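Q: Sequence:
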Amino acid sequence: FVYMNKIRDIILNTKVPLVLKDFPVNWECFDGSLWDWCTRFDKDASEMPTFESMAIADCETPQWERKRKRIDMSMEYFLNEYSKRDENRKSKSEWAAYQYKRADELPPSCAHGIDFKRFGFPEHDNDYSLWLGSKHANTPCHYDTYGINIVVQVYGSKSWLLFPPETPLKSTRIPYEESSVYCLENFYAPAPNKLGHYEQFHGQAYHCLLYPGDVLIVPRHWWHYVEAEEMSLSVNYWVPLKTDLDFTLDELIVKHVIESFVKGESEQLKKYLLNPNQLEEIAEKASTLFSLFESAVHNQTTDSKRQLWDIEYMNQNEVSKIISSIGIRVRALDVMQKDAYMLLLQNNSRRHAAPKAESLTTDTSLDTNVISSTLELLINSMCAPRCIAGVKRELFRRLGHSEDL
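According to the UniProt record's numbering, numbering within the sequence shown proceeds without interruption in unit steps and concludes at 405.
Just so you know, the hints here were simulated from the structure itself, not pulled from any lab data.
Certain hints may be false.
Dumping the calculated DSS-like pairs for lysine-lysine here, alpha-carbon to alpha-carbon at most 25 Å [claimed, not checked]:
| no. | residue 1 | residue 2 |
| --- | --- | --- |
| 1 | K263 | K392 |
| 2 | K117 | K242 |
| 3 | K101 | K117 |
| 4 | K170 | K194 |
| 5 | K170 | K21 |
| 6 | K15 | K135 |
| 7 | K263 | K15 |
| 8 | K43 | K21 |
| 9 | K15 | K242 |
| 10 | K271 | K69 |
| 11 | K338 | K170 |
| 12 | K242 | K69 |
| 13 | K21 | K135 |
| 14 | K69 | K92 |
| 15 | K242 | K392 |
| 16 | K101 | K43 |
| 17 | K271 | K101 |
| 18 | K321 | K170 |
| 19 | K117 | K21 |
| 20 | K101 | K135 |
Keep in mind that this is a model prediction, so the values were computed, not measured.
Turn these sequences into a full structure, and let the hints guide you.
A: In structure tokens, the structure reads:
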């Protein structure tokens, strides 16, 4: 119990990303190989899983979810087609992934034993996500609106490129997703003639490769770009924080702005502005949204059973002492050397020189003349964090005055 409390203190107070090496999660569902897990999935699933697929050669923009195809296939087929078991097989021209899957989307046998009590968070209510993907599967650079991210690497390896919150990346709310703020920088394939733009971030770039048994702690609001180095499976949990309540109102204001632009518009525009997982939520009644506004204004959570945690109640010297006392290997990430950072970007930029497949598995129509650049700039300007903060200040100023009337 004391050990778990110490791990929790480290997670809630670190100000830089940490890697816990060979951390013993001992989750029963992952006993055996990835092939064993996938075979069990196929046996126990009630329906065929739906994967995302994306052309490796699609480089002009970040690999947004709106551009990906959906493919139903068994786990066995996925492993056979997208792994490197057969070295004589021609390389795939696309990657595929079954990712951001919640516990209730998995067969119970494939999630048995997953919990985060060893990290000091026993009451997680199965609120975790699973990420399975082939080599090159990636998530465009973004930061998470809520929580501290605990990432457990189960199989394979993943590359994580991270930047602290103050890094001047070009934030965008297009595509809109409530829990994520993306940036326009394309770390998957930076344009060779724009590497000078990316060079300015070298003093703020952190990087690590995660291997089976590694755990990454991503502090609140850190930017991150993630890419599978090989067939990979990981599980993550966002620790709910008391400070999340402050950002709930921000997100509701942004959601209202975005909804005002998409209501009554074409399906094509909606698919451009919204992340796929937001398309159904945008249809909420105005009364529902305003009810959420009321709760957020009064700093209330709609989930009263969920424990919210304080952060940064220890200084970094205290955190270092705890790390040295717990008997596990914990590595605080350091800023990358400039040469290593630029080499990573140069290698990724070479994807622009790769031959384009004759038939891309990418829906490029969603990025062609769907929206004027001026309108896109307007939406991002209205949703910029400092603008939303200004709206909040004015709202609370008026609330304070109304109480005096």
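Q: Next step is simple, just say for each hint if it's right about the structure.
A: Evaluation of the provided hints:
1. Of the pairs offered as hints, the one joining K263 and K392 holds, with about 24 Å between alpha carbons and a cut-off of 25 Å not exceeded.
2. Annotation: proposed proximity of K117 to K242 holds, straight-line Cα distance about 19 Å (limit 25 Å).
3. At most 25 Å may separate the alpha-carbon atoms for a hinted pair to count; K101 and K117 meet this at roughly 20 Å.
4. This hinted pair checks out: K170 and K194 have alpha carbons roughly 14 Å apart, not beyond 25 Å.
5. Pair hint K170 plus K21 does not hold up; C-alpha atoms about 33 Å apart against a cutoff of 25 Å.
6. Between K15 and K135, the direct Cα distance comes to roughly 30 Å. Violation of the 25 Å bound is thereby established for this hinted pair.
7. For the hint linking K263 to K15, the alpha-carbon distance of about 40 Å lies beyond 25 Å, and the restraint is violated.
8. Our distance criterion of 25 Å between C-alpha atoms is broken by K43 and K21, whose separation comes to about 32 Å.
9. For a cut-off of 25 Å, the pair hint linking K15 to K242 stands: about 17 Å separates their Cα positions.
10. Distance hint between K271 and K69 is fulfilled; the C-alpha atoms sit about 13 Å from each other, no more than 25 Å.
11. Restraint check: the Cα-Cα separation between K338 and K170 comes to about 21 Å, which is no more than 25 Å; the hinted pair holds.
12. Only pairs whose Cα atoms come within 25 Å are accepted, and K242 paired with K69 is rejected, the gap being roughly 37 Å.
13. At roughly 22 Å between alpha-carbon atoms, K21 and K135 fall within 25 Å of each other, so this suggested pair holds.
14. For the proposed pair K69 and K92, the alpha carbon gap of about 15 Å is at most 25 Å, so the pair holds.
15. At roughly 18 Å between alpha-carbon atoms, K242 and K392 fall within 25 Å of each other, so this suggested pair holds.
16. Restraint check for K101 and K43: satisfied, since their Cα atoms lie roughly 18 Å apart, inside the 25 Å limit.
17. Distance restraint check for K271 and K101: the Cα-Cα separation of roughly 21 Å lies within the 25 Å cut-off, and the hinted pair is therefore satisfied.
18. For the hint linking K321 to K170, the alpha-carbon distance of about 37 Å lies beyond 25 Å, and the restraint is violated.
19. With a CA separation close to 17 Å, the supplied pair K117 and K21 stays within the 25 Å bound.
20. About 18 Å separates the Cα atoms of K101 and K135, which keeps this hinted pair within 25 Å; it holds.
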